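6 protein chains.
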Amino acid sequence: MQQVVTFGEIMMRLSPPQHLRLGQATSLDVTYGGGDANVAAALAYMGVPAAHVSCFPEHELGQAAAGHFRRLGVDLRHVQYQPGRLGLYFLEVGASLRSSRIVYDRADSAFANLDPAAFNWDEILKDAGWLHWTGITPAISAAAAQATADAIAAARRLGITVSADVNYRRNLWQYGQKAQDVMPPLVAGCDLVVCTEGDADDLFGIKVAEESDHPFVDMSEQLMQRFPQIKRVIATRRKTQSASHERIRGMLYQEGRYYQTPYFDINPVVDRIGGGDSFISGFIYGSQTYDTPEQALAFATAASALKHTIAGDINLVTPAEVEPIMLGNTSGRLLR
Amino acid sequence: MQQVVTFGEIMMRLSPPQHLRLGQATSLDVTYGGGDANVAAALAYMGVPAAHVSCFPEHELGQAAAGHFRRLGVDLRHVQYQPGRLGLYFLEVGASLRSSRIVYDRADSAFANLDPAAFNWDEILKDAGWLHWTGITPAISAAAAQATADAIAAARRLGITVSADVNYRRNLWQYGQKAQDVMPPLVAGCDLVVCTEGDADDLFGIKVAEESDHPFVDMSEQLMQRFPQIKRVIATRRKTQSASHERIRGMLYQEGRYYQTPYFDINPVVDRIGGGDSFISGFIYGSQTYDTPEQALAFATAASALKHTIAGDINLVTPAEVEPIMLGNTSGRLLR
Amino acid sequence: MQQVVTFGEIMMRLSPPQHLRLGQATSLDVTYGGGDANVAAALAYMGVPAAHVSCFPEHELGQAAAGHFRRLGVDLRHVQYQPGRLGLYFLEVGASLRSSRIVYDRADSAFANLDPAAFNWDEILKDAGWLHWTGITPAISAAAAQATADAIAAARRLGITVSADVNYRRNLWQYGQKAQDVMPPLVAGCDLVVCTEGDADDLFGIKVAEESDHPFVDMSEQLMQRFPQIKRVIATRRKTQSASHERIRGMLYQEGRYYQTPYFDINPVVDRIGGGDSFISGFIYGSQTYDTPEQALAFATAASALKHTIAGDINLVTPAEVEPIMLGNTSGRLLR
Amino acid sequence: MQQVVTFGEIMMRLSPPQHLRLGQATSLDVTYGGGDANVAAALAYMGVPAAHVSCFPEHELGQAAAGHFRRLGVDLRHVQYQPGRLGLYFLEVGASLRSSRIVYDRADSAFANLDPAAFNWDEILKDAGWLHWTGITPAISAAAAQATADAIAAARRLGITVSADVNYRRNLWQYGQKAQDVMPPLVAGCDLVVCTEGDADDLFGIKVAEESDHPFVDMSEQLMQRFPQIKRVIATRRKTQSASHERIRGMLYQEGRYYQTPYFDINPVVDRIGGGDSFISGFIYGSQTYDTPEQALAFATAASALKHTIAGDINLVTPAEVEPIMLGNTSGRLLR
Amino acid sequence: MQQVVTFGEIMMRLSPPQHLRLGQATSLDVTYGGGDANVAAALAYMGVPAAHVSCFPEHELGQAAAGHFRRLGVDLRHVQYQPGRLGLYFLEVGASLRSSRIVYDRADSAFANLDPAAFNWDEILKDAGWLHWTGITPAISAAAAQATADAIAAARRLGITVSADVNYRRNLWQYGQKAQDVMPPLVAGCDLVVCTEGDADDLFGIKVAEESDHPFVDMSEQLMQRFPQIKRVIATRRKTQSASHERIRGMLYQEGRYYQTPYFDINPVVDRIGGGDSFISGFIYGSQTYDTPEQALAFATAASALKHTIAGDINLVTPAEVEPIMLGNTSGRLLR
Amino acid sequence: MQQVVTFGEIMMRLSPPQHLRLGQATSLDVTYGGGDANVAAALAYMGVPAAHVSCFPEHELGQAAAGHFRRLGVDLRHVQYQPGRLGLYFLEVGASLRSSRIVYDRADSAFANLDPAAFNWDEILKDAGWLHWTGITPAISAAAAQATADAIAAARRLGITVSADVNYRRNLWQYGQKAQDVMPPLVAGCDLVVCTEGDADDLFGIKVAEESDHPFVDMSEQLMQRFPQIKRVIATRRKTQSASHERIRGMLYQEGRYYQTPYFDINPVVDRIGGGDSFISGFIYGSQTYDTPEQALAFATAASALKHTIAGDINLVTPAEVEPIMLGNTSGRLLR
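Chains as they are written, first to last, in UniProt numbering: chain U, 1 to 336; chain C, 1 to 336; chain S, 1 to 336; chain V, 1 to 336; chain F, 1 to 336; chain D, 1 to 336.
There may be inaccurate statements among the hints.
Heads up, the list lumps identical chains together, so a pair's fine if it works in one copy or across two of them.
Taking lysine to any residue and the SDA-like style, the derived pairs with C-alpha atoms no more than 20 angstroms apart in a straight line are [unchecked claim]:
1. K239 / P228
2. K239 / R333
3. K207 / P228
4. K178 / H214
Just so you know, the hints here were simulated from the structure itself, not pulled from any lab data. If you're wondering where the values come from, they're calculated on a predicted model, not measured in any experiment.
Next up, chain U with everything else stripped away, as it sits in the complex:
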């Protein structure tokens, strides 16, 4: 499989152990993650060549974040180092009817202050077959948005597949531009997007009739009309039972056809952060490995379900582990 390149910020994640609240904790578990980097890392763990492009602070924390992804086999050779801080987020892990909560502390990071001109995207992407980005990245700063645009432009020039998880987070857009202005030209360069009906409405004003029987299909068709480069739209549908019990299904619209998987039941949830990132990484893997859209979608959804049982942001599972789940063998029997 050809190399997949991702671009975006990596943050330190700090979370109290054992469902403690932040105010109870005398130690915090540390890991690192980012919506795009998680995709690269999950693919590398599956054996796919993967590189991540980012900007880290020069100090020890930047090195620690880099090491976390290098350990998993992600190529970081194109990472930029700048003065500044490492973005952080504090995660309180809920249980049952108590929600998990995130306190972000990511303003003014080295990534936000990256130098877009310093990335030579034609060079970076020269061995790549796929570029992936998320809607979080252009939300961070004008510089980050510019670099995203540059990357997409280079990918189009080089004929590389481009995917995006549009992932609209209202609170993130703080630097003076509106998502509704910044995102459309970026999404216009994509072949594949992860997008829910809510995202489509918020970002592109795409409305689905309330009485629609197939809101995802309706949304996808409008999205493809608006952005003709888009060939496939995917998303997961969550039926969140509680903070400890999740049910997800995968959805795909492609070439005029709608596909969906059955619901996968995850109980208990070990860690739901990165569930979406594992879906798209699973789809990238699956769409290049299996013959049918059904299989690609089933692999993606099974991979995402498995992610909910893995601690940390990143889906540390092999294709051999996803495949039985994808085929419905979810009994979790002991393997000796």
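Starting from the known structure of chain U, fit chains C, S, V, F and D onto it as the hints suggest.
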């Protein structure tokens, strides 16, 4: 809201991590709690001025127990320090069909040996609007029972609302007096009690006809007849599925009307100790905040349900966290 | 109750805490276990005199393994010490639809290299009333198989009850002999066996008609015909819902009658390793304590269900804890 | 003793356990501290009424920081809550010839953005007898410097003793004003300062002749000439043997006389953060408790030496623990 | 070597990890120990048959304490189980010039309430060659003192060597009798005692002239005159440098000759609890293994020095580990 | 600097936390290391391109070991994966006069069974400037010795510098060949060796006259005569004070001149494993960075001294951290 004052013993709680049995543990998690103090602490966490009156040993462990509650904003200025030991309890946390178990080691504590004459209750309660105590306190020693009686008498003099969780624990009554003799005059001074049908039978000989359609109502009516000061009786009904899965509903009888909430489902339970304390603290908060008894009861029950997801004896939740649960939004979605 | 003697290897078990994958762990929880030794330890915890015969390496790890079982009251006086290594296994604890996985690292252990001639079984068994072994032991090496045969022969000479968990593990048989040749003469010396339909087919070629209404009965009858010393066949039937949710029932065939228990539901599972060992130890205890086969089977199955809530390989539960479960009281209420 | 009031930022401190480097850590120990707040907390632990004035973010981390100091008995009633982040610092604990290292991440905190006008210093200080601040506070922002000036002015109006630890940290002064301009008018309002020869040179251009036999005395005299309100100058002299082995002595210049203690040897050092804060808190306590400057200085230095054996930023020691050290009994014998 | 039997209380020890103070700890490390039981356990670890006689509470904590010593190979078959609590002690581990501190919580334990008549000492000691007790045991209760007297009497009848660590702890004697009355008849039955000049003065009024060149010799001679059964007196001399740095030497007076070892330097001290117990257990081992008093004393002192590097109350070292230290090889080189 | 390539086995290291003995541990800290791989990793951490060649088992533990080194930036692209186990070692960390101890469990590893023919050394070394190996590698198996010989031969062909740490470990040579036969032809291909007088005697029969004033010089001269390719001989001299206190100096013989550094004092030692590996990696870095042999040796020795303060096998220090130590600034002052 006016200050709430509670009175009772605080113990160190020692429990093996991770569902280990006591004999397996090479370390024990430490926290502090007490049935009445937990009410003060939960109220303080909700922003209600709260003070706790107790008696601690003078040594490091008494200081540690005090610090635990001071951290949460409980006013401890009226605490007495005496020679003696800090009461302890060892908690083994069960799972599924294995029960949690408590080994008490609380005999002869500094609290048991408190000096009732040294508490100036008129002074202690001068800014308070509410006094709360539990049936555990008068069970500990004659001195503790005397201090409870003094506190209630002062509260009545000052026109303060008095509530009690009657909480009958047969094994605790070891100092030569019977609960059936000690409790009635104390309960007679209360405006609100937490009391189950079992408690009412054990303590006051109140029997409910087996064929009763509304045993809680029948019991409450008899209780109010016997103790005319009581205006409201509340309790939770538990349908314990397993040590990891609890279902609770709230019940209230007031002014001739019966109220109940739907069952709240808690799965998994993180920590069920203090579930009752969080119910009464929730009711104290709710009854002074909301307009209707239904709302007060719903808040109390939702607060208690949430408590089951919080480690330790104390309900560390804000009203903003309880309110969605109270309205039935128990999906535990990630909050960013 | 008379002493129960078990024979087999004890391994160090290393597992990442908190559902981490092996590659994520910076520390590994350590315990010790073995299919036969777990039976002795569970019985000792229940107050039954129990001895375990094994072979340990002479170094610190052998001492540590021995100490683990001595702590639980198992008599280890007949253990042999030889040069060599301690067998290990790495256990990754799954959750929900992610399987638990074991990586064995047990080749060439001191146990595999034991000296069968050095065990004086007539001496070892002189105070015993029961000998138990598992199909894992003769799978390890020719020496281990020889010692198993010697033990069974001595037990028969002394008129001691012999039980076996036939427990066929294909991957273990590496030393050049086939289970199908080694096991039959050993099983022929047993009064009681734990055996599933799958084991009976794999080891003894016993087939059950696909359309059979009672495959366990059919298998048991064939097994008893083939090995007339066998008087009772037992097994558990698992309906594994997920790595976190197990349902088990017990089955017994004896004197032409079939017995089964209802399903016990275990959710969440704390640790499912040793579930089978706790079933047979429960049956050994129950069959000597209760009057009826129904009770013995119910005790065994309840004990095994409880084991799933206990960390480590060994069932650390007392008869007083098993009995309520056995009677269907599985609500896991808090015991003060 | 009259209440001591301190003013300044409180940060979360995150440090790898067990001398690990930041890049090795999978969890970070969490505590909270600040140069001025540490003084209030140490005094409260010694039984002195102490209040701290600060500005916290409104979210969970601000609450957690507040709880940490409330637990120790510090009155936080005058704390301001503002939007923004909680300042952080990452501490890598060295050993032997490897230095401890701090990575600060404190820019743009809620404290930096405090509203100076919202503090009513006359009200805040109305029951106080002592105000203490450090040179870190005016370095953070113009608002923080303004509030410091306001506090000092109010203290002078009310006739309260004012002390400062001038503590010049070059890297901190980032908001456009120079320490050399901001600090002199603030120091001019102090009765007592902690100041080394280096600080005096950097901040006030006070030079000591290289050949001076008594550089601390020379510096102190010049400082008092320049700022006639200053009556006492104190400092510690460190002979740092290694990251694990510290030697400190105390120095005091007062009424024309110089005092010094012998060196206290600390080996191993458990935690050297807050060593200076414990010196000034010890001096505040000692100068009001003992009759002579020698005793006050000895108490302060012994308290600081003890701090090096206490984990965290704050000196959790009682006067009864400091006094034997102050008298030279440093043998650390077991106390039963 | 013949079996050694010890008698006394076993307590649970709870200590904060990592030099934390009790008020800082959110977990406490758990172990078990007792002055006499530690001797039995250290001897068992060295391969000497050892039994301990005690009285435990029947509940889980008594079982846990028993398991701790059984793991180490101590024979507990003569232990009594009674209602009551397990004695506890809280240990705060100091560092450098900060002392370690113990908060005892051992009053009213099951051991204090033991039934002396229930021990059949002739049976208990029938295979033993040595009985050891400490002055802590008769300090606990009249019942414990009686059992000690019974044990000594039986040992004398059976011609068994009796040793005691007289270990006077003023605070322990609370049950109405004086150590000065209780101890002499018990010590009169001993062949060997651990006794310092201070103990001899406190317990027996034995004074040593201040100008004595050999206070230990003078004391020993007086002690032997007073108690003619005593043939050997031993003790360690400590030069405590700090809580982290200890220096000890061994002293022996026997047959009119005085022996002493050089000082052993222990820096850092890992755990100094049980240092005296490891000295006497080392002497019991050494005196029966080596030909000369010098060697026995060197072994005992080296064993005690090594104990200071072992966590917990018990000296987990083999003779092969003690011997190089005994010969002065204290370089601690890595052993592969 | 040109790439450095190393070759050898990587093991999992398991050690009890906090100076516990193996039998006390309920968890073991996990890290990974190997004498040659540690050199590559330390160089990578210093910014030198470094690759390691090895053979791992295919399963999770091989992946985990690989990830550990990949995190640090070591290029593992030429690693071979084979069936088999991962070598382990258990490390008990001593303190003061108690030695650290290693229990090896490395027999029959995947590395021992590597396929020498599968390494294309001309390809592997094509961008390299330096090859480093240790005497441990040819001790493991004939295959490992063959691969070492092949690597050296290729390096010589390509004109690359070759270094070796001869590191004679008697116990390791178990596969039927003698170190004295295998090592000379390998050492003959080296430009630089780490070799002590003891190693030279054991491996090559090189004797130094007892009365020699300069035994290291004498040995080095004989070694160079015997192996004319060797241009430099280096070693450290240890004065081990205790398991917690080490003193080391560096020695170098080159072009007829002898160089040595002063002793560096390390107290306390955090982790002494890998001290030698950090010396040679420091020398590789230093000899290519500094102008003089004195500087190279000082850097190497300072790097090794620093290693003793870093947990794990690998020297995680930057040149900026080594340089002050190298210049004698060993005070370990706090760096903000």
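We went through each hint and held it up to the structure:
no. : hint        : result
1   : K239 / P228 : neither (31 angstroms within a copy, 49 angstroms between copies)
2   : K239 / R333 : between (25 angstroms within a copy, 10 angstroms between copies)
3   : K207 / P228 : within (18 angstroms within a copy, 61 angstroms between copies)
4   : K178 / H214 : neither (29 angstroms within a copy, 59 angstroms between copies)
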